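Given the coordinates of chain V, assemble chain B onto it according to the supplied hints.
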Amino acid sequence: MSRLSGIAIRAVAAAVPHEVARTQDYDYLTPEDRQRFQKATGISQRRISPQNQYASDLCAAAAERVINHLGWDRASIGALILITQTSDQPIPATSIVLQDKLGLPQTCATFDLNLGCSAYPYGLAVIGSFMQSLGISRGLLLMGDVSSRVCAKHDKSAWPLFGDAGSATALELDESANPIYLDLMSDGSGRDAIIVPSGGLASRVPPPNEGPVSSEVGSDGISRRPDNLILRGADIFSFAISKVPPSIKRVIESGARAVDDFDFLVLHQANKMINDTIAKKTGFSQDKSLSTLADYGNTSSASIPLTMCANTDCFQVDRLVMTCGFGVGLSWASASLTIAANTVLPIVETDNVY
Amino acid sequence: MSIERFIDRFAYAIEVEPETLSADTEYKELDIWDSLNTLSVIAMADADFGVAIGGQDVESTRTIGELWQRVEAKLGKS
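Protein chains in written order, with my numbering: chain V, 1 to 354; chain B, 1001 to 1078.
By construction, these hints were calculated from the structure, which means they are not laboratory data.
These figures come from a predicted structure and were not determined experimentally.
Beta carbons: idealized from backbone N, C-alpha and C, even for Gly.
Take the hints with a grain of salt, since some may be wrong.
Have a look at the derived ranges for each label pair, beta carbon to beta carbon [claimed, not checked]:
1. V:P246 <-> B:R1005: 23 to 29 Å
2. B:S1002 <-> V:S285: 46 to 52 Å
3. B:T1020 <-> V:Y28: 37 to 43 Å
4. B:D1008 <-> V:D220: 26 to 32 Å
5. B:I1032 <-> V:Q316: 29 to 35 Å
6. V:T338 <-> B:G1050: 29 to 35 Å
7. V:D220 <-> B:E1015: 43 to 49 Å
8. B:G1076 <-> V:L201: 55 to 61 Å
9. V:S285 <-> B:W1033: 42 to 48 Å
10. B:W1033 <-> V:R3: 34 to 40 Å
11. V:T312 <-> B:A1047: 32 to 38 Å
12. V:T338 <-> B:T1020: 49 to 55 Å
13. B:A1047 <-> V:N114: 30 to 36 Å
Simulated crosslink set (DSBU-like; lysine-lysine; CA at most 30 Å straight-line) [to be verified]:
14. B:K1028 <-> B:K1074
15. V:K153 <-> V:K281
16. B:K1028 <-> V:K272
17. V:K281 <-> B:K1028
18. V:K280 <-> V:K243
19. V:K288 <-> B:K1028
20. V:K243 <-> B:K1074
21. V:K101 <-> B:K1074
22. B:K1028 <-> V:K101
23. B:K1028 <-> V:K39
24. V:K288 <-> V:K243
25. V:K288 <-> V:K153
26. V:K281 <-> B:K1074
27. V:K101 <-> V:K249
28. V:K281 <-> V:K249
29. B:K1028 <-> V:K243
30. V:K153 <-> V:K249
31. B:K1028 <-> V:K249
32. V:K101 <-> V:K272
33. V:K272 <-> V:K288
34. V:K280 <-> B:K1074
35. V:K249 <-> V:K272
36. B:K1028 <-> V:K153
The shape of chain V in the complex, shown without the other chains (with noise of 0.2 Å):
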């Protein structure tokens, strides 16, 4: 259990390509059960980002909205942090190239997180504490997917799930500011129930540059390149509905609160079932759990922002908001915010190449 005070959201913007790709349209699935996945998942569409746009691309757009919206002289920025999982290229870490190309000051921090969908509190928790125990003033907290690069097109149990999106969140020191309560937890024994076994050093298989890229067929009957996104949806289900409910629990109880006192609940846009349940497990009603599942589907690391940015009418007034990521690890967080009025901005479109 963890509190953090003295740091404020000042925006948090999301952005997503122009493509859209819909579930009526998937041509992998029979018609029925094209119906039956929107009905179970609540995915109707999603964003997929163009050949030659990146998760750096899409959380620039969301990076340059948050610092023109505040007006930040950008050389006051002293931090920038990007959580991905489909980073640029293995090294370097691109929130170093994004230092560059955002026109940030040699004197920003910048690194790299390995995180997938419980990136938004681990994200906030880190750079909180590291602007906090530093004194750096003003931080850039970046975090996005293009998680349609990843998954095989003729994936039934992924392509379909999966949506590109990028986002930002400003932060700044404020001793004023409202404390964020943090529960962090991780559980690397589940780490086959989503995984991309290959392109590591320790990869199963050898890297493609040590022989040909071939397909291999699956215990579920799909043939995936190596470096292709696996995703057992029955495991990762069965964690999310028994693990992610405590967690969002403690945080409440840590902060002395009750659920009603929340305003909104914000979780990593997983699938409907999955969110209903934690939902109805934790006591929150329907109408208090944002959710952008219908139009974006699961966007990875920027789901929380996402659905926020896809929610700008809830955000006119000072809102306090349960936000819970959980997934790839595994590894899951939750975090209570205070979110300023008109914190959050809209969504930018943009096929945009930085």
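Just chain B, lined up with the frame of chain V:
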């Protein structure tokens, strides 16, 4: 908690009539079975029995009776 109740809840979860199922039903061989039914059954075990079953429990059992044994074993532990 009885297997009769489990079969009843199982039928409700996968949207079939309870009379069409028994402890010996090889559930993954049902015409309507797909991966979304797996999620429905996991949700049912959680909501109605307070038990977390995983993908492995579904993969490694054949009949509804065998799956009930997994649920029952976990009930004993909790």
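Hints, verified against the model:
The given range of 23 to 29 Å is respected by P246 (chain V) and R1005 (chain B), whose C-beta atoms sit roughly 26 Å from each other. Range check, S1002 (chain B) to S285 (chain V): about 33 Å between beta-carbon atoms, so the 46 to 52 Å window is missed. At roughly 30 Å, the beta-carbon separation of T1020 (chain B) and Y28 (chain V) lies outside the given 37 to 43 Å, and the hint is violated. As the Cβ distance of D1008 (chain B) to D220 (chain V) is approximately 29 Å, the hint placing it in 26 to 32 Å holds.
In this structure the hint that I1032 (chain B) and Q316 (chain V) lie 29 to 35 Å apart at CB is violated, the actual value being about 46 Å. Checking the proposed 29 to 35 Å range against T338 (chain V) and G1050 (chain B) shows it holds: the Cβ atoms sit about 34 Å from each other. For D220 (chain V) and E1015 (chain B), the hinted distance range of 43 to 49 Å is not satisfied, since their beta carbons lie about 23 Å from each other. Checked against the hint of 55 to 61 Å, the C-beta distance between G1076 (chain B) and L201 (chain V) comes to roughly 43 Å, which is inconsistent with it.
Against the hinted window of 42 to 48 Å, the Cβ-Cβ separation of S285 (chain V) and W1033 (chain B) comes to about 33 Å, which falls outside the hint. Between W1033 (chain B) and R3 (chain V) the beta carbons are some 47 Å apart, a value that contradicts the proposed interval 34 to 40 Å. Restraint check, T312 (chain V) to A1047 (chain B): a C-beta distance of roughly 34 Å satisfies the suggested window 32 to 38 Å. Checked against the hint of 49 to 55 Å, the C-beta distance between T338 (chain V) and T1020 (chain B) comes to roughly 52 Å, which is consistent with it.
Separated by about 34 Å at the C-beta atoms, A1047 (chain B) and N114 (chain V) satisfy the suggested range of 30 to 36 Å. For the proposed pair K1028 (chain B) and K1074 (chain B), the alpha carbon gap of about 21 Å is at most 30 Å, so the pair holds. Between K153 (chain V) and K281 (chain V) the alpha-carbon distance is near 34 Å, which puts this suggested pair outside the 30 Å criterion. For a cut-off of 30 Å, the pair hint linking K1028 (chain B) to K272 (chain V) stands: about 23 Å separates their Cα positions.
At roughly 28 Å between alpha-carbon atoms, K281 (chain V) and K1028 (chain B) fall within 30 Å of each other, so this suggested pair holds. Distance restraint check for K280 (chain V) and K243 (chain V): the Cα-Cα separation of roughly 14 Å lies within the 30 Å cut-off, and the hinted pair is therefore satisfied. With a CA separation close to 36 Å, the supplied pair K288 (chain V) and K1028 (chain B) exceeds the 30 Å bound. Straight-line distance between C-alpha atoms of K243 (chain V) and K1074 (chain B) comes to about 16 Å, which keeps the hinted pair within the 30 Å bound.
With a CA separation close to 53 Å, the supplied pair K101 (chain V) and K1074 (chain B) exceeds the 30 Å bound. Between K1028 (chain B) and K101 (chain V) the alpha-carbon distance is near 52 Å, which puts this suggested pair outside the 30 Å criterion. In summary, the hint linking K1028 (chain B) to K39 (chain V) is supported, as the alpha carbons are separated by about 21 Å, within the 30 Å threshold. In summary, the hint linking K288 (chain V) to K243 (chain V) is supported, as the alpha carbons are separated by about 21 Å, within the 30 Å threshold.
A C-alpha spacing of about 34 Å is found between K288 (chain V) and K153 (chain V), which places the hinted pair above 30 Å, so the restraint is violated. A C-alpha spacing of about 20 Å is found between K281 (chain V) and K1074 (chain B), which places the hinted pair at or below 30 Å, so the restraint holds. With a CA separation close to 40 Å, the supplied pair K101 (chain V) and K249 (chain V) exceeds the 30 Å bound. Distance check on the hinted pair: K281 (chain V) and K249 (chain V) sit about 10 Å apart at the alpha-carbon level, within 30 Å; holds.
This hinted pair checks out: K1028 (chain B) and K243 (chain V) have alpha carbons roughly 27 Å apart, not beyond 30 Å. Between K153 (chain V) and K249 (chain V) the alpha-carbon distance is near 38 Å, which puts this suggested pair outside the 30 Å criterion. Taken as a hint, the K1028 (chain B) and K249 (chain V) pair is broken in the structure, with Cα atoms around 36 Å apart against an allowance of 30 Å. A C-alpha spacing of about 37 Å is found between K101 (chain V) and K272 (chain V), which places the hinted pair above 30 Å, so the restraint is violated.
Between the alpha carbons of K272 (chain V) and K288 (chain V) the distance comes to roughly 14 Å, so the proposed pair stays at or under 30 Å and holds. Among the hinted pairs, K280 (chain V) with K1074 (chain B) is consistent with the structure: their alpha-carbon atoms are about 22 Å apart, no more than 30 Å. Taking the CA atoms of K249 (chain V) and K272 (chain V), the gap is about 20 Å. The hint holds against a cut of 30 Å. With a C-alpha separation of about 26 Å, the suggested pairing of K1028 (chain B) with K153 (chain V) holds against the 30 Å cut-off.
Hint check: violations occur at hints 2, 3, 5, 7, 8, 9, 10, 15, 19, 21, 22, 25, 27, 30, 31, 32; the rest are consistent with the structure.
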